Amino acid sequence: MRDDDKKIEISNLRVTYGEKEALKGISLDVYENEILSIIGPAQSGKTTLLKVINRTIDLVPDAKVQGTAKVDGENVRDVKSVYQLRRKIGMVFPLPVGLPLSIYDNVAFAPRAAGIRNRKDLDAIVEHCLQQAALWDEVKDRLDSLGTRLSGGQQQRLTIARALSHQPEILCLDEFSIAVDPVTTMRIEDVLKELRSQVTIILVTNLVQQARRLADRTAFLLNGELIEIDINEVIFSDSPANQMTYDYVSGTFG
Amino acid sequence: MTGKQETVSLFKPKLGGADTGLQKELATGNESFFTTTPFDRKKRLTEIVAKSVLLLMTLLMVIPLILIVCYLLYKAFPVLSLDFLFTNPTRGMRAGGIWAALLGTMYLVVISLLVSAPIGVLAAIYLSEYAGDNWLTRIINLAVVNLAGVPSIVHALFGVGAFVLFARMGRSILAASLTLAIMTLPVIIAATNEALRAVPMAFREACWNVGATRWQTIRSIVLPNSISGILTGIILQVSRAAGETAPIMFTGAVFYKAISEGDPFAYGLFDQCMALSMHLFTISTQVPGVPEAVPYGTAVVLLGTVLLVNMLAIVLRMYLRSRKKW
Numbered sequence: 001m002r003d004d005d006k007k008i009e010i011s012n013l014r015v016t017y018g019e020k021e022a023l024k025g026i027s028l029d030v031y032e033n034e035i036l037s038i039i040g041p042a043q044s045g046k047t048t049l050l051k052v053i054n055r056t057i058d059l060v061p062d063a064k065v066q067g068t069a070k071v072d073g074e075n076v077r078d079v080k081s082v083y084q085l086r087r088k089i090g091m092v093f094p095l096p097v098g099l100p101l102s103i104y105d106n107v108a109f110a111p112r113a114a115g116i117r118n119r120k121d122l123d124a125i126v127e128h129c130l131q132q133a134a135l136w137d138e139v140k141d142r143l144d145s146l147g148t149r150l151s152g153g154q155q156q157r158l159t160i161a162r163a164l165s166h167q168p169e170i171l172c173l174d175e176f177s178i179a180v181d182p183v184t185t186m187r188i189e190d191v192l193k194e195l196r197s198q199v200t201i202i203l204v205t206n207l208v209q210q211a212r213r214l215a216d217r218t219a220f221l222l223n224g225e226l227i228e229i230d231i232n233e234v235i236f237s238d239s240p241a242n243q244m245t246y247d248y249v250s251g252t253f254g
Numbered sequence: 001m002t003g004k005q006e007t008v009s010l011f012k013p014k015l016g017g018a019d020t021g022l023q024k025e026l027a028t029g030n031e032s033f034f035t036t037t038p039f040d041r042k043k044r045l046t047e048i049v050a051k052s053v054l055l056l057m058t059l060l061m062v063i064p065l066i067l068i069v070c071y072l073l074y075k076a077f078p079v080l081s082l083d084f085l086f087t088n089p090t091r092g093m094r095a096g097g098i099w100a101a102l103l104g105t106m107y108l109v110v111i112s113l114l115v116s117a118p119i120g121v122l123a124a125i126y127l128s129e130y131a132g133d134n135w136l137t138r139i140i141n142l143a144v145v146n147l148a149g150v151p152s153i154v155h156a157l158f159g160v161g162a163f164v165l166f167a168r169m170g171r172s173i174l175a176a177s178l179t180l181a182i183m184t185l186p187v188i189i190a191a192t193n194e195a196l197r198a199v200p201m202a203f204r205e206a207c208w209n210v211g212a213t214r215w216q217t218i219r220s221i222v223l224p225n226s227i228s229g230i231l232t233g234i235i236l237q238v239s240r241a242a243g244e245t246a247p248i249m250f251t252g253a254v255f256y257k258a259i260s261e262g263d264p265f266a267y268g269l270f271d272q273c274m275a276l277s278m279h280l281f282t283i284s285t286q287v288p289g290v291p292e293a294v295p296y297g298t299a300v301v302l303l304g305t306v307l308l309v310n311m312l313a314i315v316l317r318m319y320l321r322s323r324k325k326w
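These protein sequence lines map, in sequence, to chains A and B.
Using my numbering, read the first sequence as starting at 1 and increasing by one per residue.
Using my numbering, read the second sequence as starting at 1 and increasing by one per residue.
Think of the hints as simulated: they come from the structure by calculation, not from any bench.
What you are looking at is a predicted structure, and each value in this text was computed from that prediction instead of being measured.
Using N, Cα and C, we set each Cβ at its ideal position, and we do this for glycine too.
A portion of the hints provided could be inaccurate.
Said to hold, decoys possible - Going by beta-carbon spacing under 10 Å, a handful of chain A positions derived as facing chain B:
(1) S81
(2) V82
(3) R87
(4) G90
(5) L95
(6) L99
(7) R112
(8) A113
(9) A163
(10) S165
(11) H166
Claimed, not checked - Within a straight-line C-alpha distance of at most 20 Å, the following computed DMTMM-like cross-link-like pairs (lysine to aspartate or glutamate) qualify:
(12) A/K64 to B/D133
(13) A/K20 to B/D133
(14) B/K51 to B/D40
(15) A/K80 to A/D58
(16) A/K88 to B/E205
As the list claims (entries may be wrong) - What the simulated footprint calls covered on chain A by chain B, stretch by stretch (three residues with Cβ under 8 Å from a Cβ of chain B suffice, anywhere in the stretch; the number is not a length):
(17) 47-59
(18) 100-111
Okay, chain A solo, but in the shape it has when bound (with noise of 0.2 Å):
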């Protein structure tokens, strides 16, 4: 992996919300087309630093951000649109969100959003992106019923759908598999897989063993702070650099 593969750079990354610390100073990169996972206990700043990289922080009351992030070589508070950087990365979230609207619309709400009006285009992107997320089979009947009609897991890969309905080059999954039974995650993860040439994804999860299965490079958080970051060979091996790593990993502990 060389440095101009750099996909996402985050350097001495600090989050506050008020008094509370939620990101201590982290530095790491993501490479293009790779699976990178960040494990750790709750509070340790894994969603912060999602919203850090979208941005969707500033939306977020008295929370503070020193450091930079930088997303293909840009510094995120830097970007002329948020808009177009927000439809460079895509967001999946724990608890699936299907919008009040019909199927179609769900997944048709970004590239409209985005001054796509044209409906083969629309109609193409809604079928290539429901096919993406494992979802297309079960739907294809019932385009126009309501999205926050079906099950907890159809809606998590609805999510997932719209999460790439405007074609993102990242792909953030944040704990996706809460909320859905664990053959439907697999599914995802079989989707994820197939995803990996052509996106990056980044892979928050509580799942220690999820992580060891799809990622390639795994990072370790802790109370904010970045304990480890490396390839899996090494995180899931039985010596990797930090002894807490090997606690967390290994069940021992959190």
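Start from chain A and add chain B according to the hints.
Okay, now just chain B, sitting in the frame of chain A:
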């Protein structure tokens, strides 16, 4: 207690001949499962008391309401007719109809609403969707809530100062409507705010995450899901504007004015007008010798107008709620 007997006899055969530990436990444990403890009895008693008290209060509220309506209708019966609606008062308001007042009220309500609804709704959207949470917006929100509770006579005094005198509108339909608009504005803002806040934050975040602007989010997700609540707030203010006397008394409503009967465009913006609420006050207290049925008839028409508007609100809300997607 017969219920207990039945349940036990229902369950026991199924569990009979229990072999496994779990089944044995169920078979022996079920006695305590279905017997009533003193706590259960107390719970049931509390439940009965609570329900009775609530029912009693509901009746206390409903019965006077029905009595009022029946009494009004009974007293008003001799005058109620289409002619009553569409003719002017005659013989010093001791006979004839209420056309001038009915049309005046409609003018006042419609014009005040045309002013207050757009301003109120748009301001509320700004306050809840765009403005940050800082001391200024908190003060504004506090002021809005407090203004909603100010007595209408205070709004009337403001209307006299601002519209009648300062803006030189004189005592006119326009000045009175604007005064009513000022009175209804805070409530519309508060109701809209409430409706917007009821839309889950997760929907907005999902939209922002895919690169939608705030306005795109508001237009496609937030408004469609809060419009029924917003409309309810607005329409309830219609009935309030129709019923208030104080704000219009000094700003544009008059005791008596004859207009051409049956012509919906009989008033101009800068005319003075009659109004139902004011007319009712006049004929019941200021004019001697009015036949009893006339004020009651006026009251019924006022009540009917408000009821009609509220029915409209309910139907509209039902329609919009059926389209709400979550």
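Straight-line Cα separation of A/K64 and B/D133 no greater than 20 Å? holds, 15 Å
Are A/A163 and chain B close enough, Cβ to Cβ, to be under 10 Å, as the hint says? holds, 7 Å
Verify the proposed pairing of A/K20 with B/D133, using a straight-line Cα cut of 20 Å. holds, 19 Å
Please verify the coverage claim for the segment 47-59 of chain A: does it have three or more residues whose C-beta sits within 8 Å of some C-beta in chain B? holds (count 3)
Please verify that hint: A/A113, Cβ, nearest Cβ of chain B, below 10 Å or not. Since the shortest Cβ distance to chain B is 4 Å, the answer is holds.
Was the hint right that A/R87 lines chain B, CB cutoff 10 Å? holds, 4 Å
Using Cβ atoms only, decide whether A/V82 comes closer than 10 Å to chain B, and label the hint accordingly. A/V82 check passes; min Cβ-Cβ to chain B is 8 Å, inside 10 Å.
Mind checking the alpha carbons of A/K80 and A/D58 for me, to see if they're no more than 20 Å apart? Cα-Cα ~15 Å, so holds.
Take the shortest C-beta to C-beta distance between A/G90 and chain B; is it under 10 Å? Check passed: Cβ of A/G90 comes within 8 Å of chain B, closer than 10 Å.
If you take the shortest Cβ to Cβ gap from A/R112 to chain B, is it below 10 Å? Result: holds, 8 Å to nearest chain B Cβ.
Is the straight-line distance between the alpha-carbon of B/K51 and that of B/D40 20 Å or less? The given pair, whose Cα atoms are some 17 Å apart, holds under the 20 Å limit.
Using the nearest Cβ pair, does A/L99 come within less than 10 Å of chain B? holds, 6 Å
In this structure, none of the earlier numbered hints is contradicted; all agree with it.
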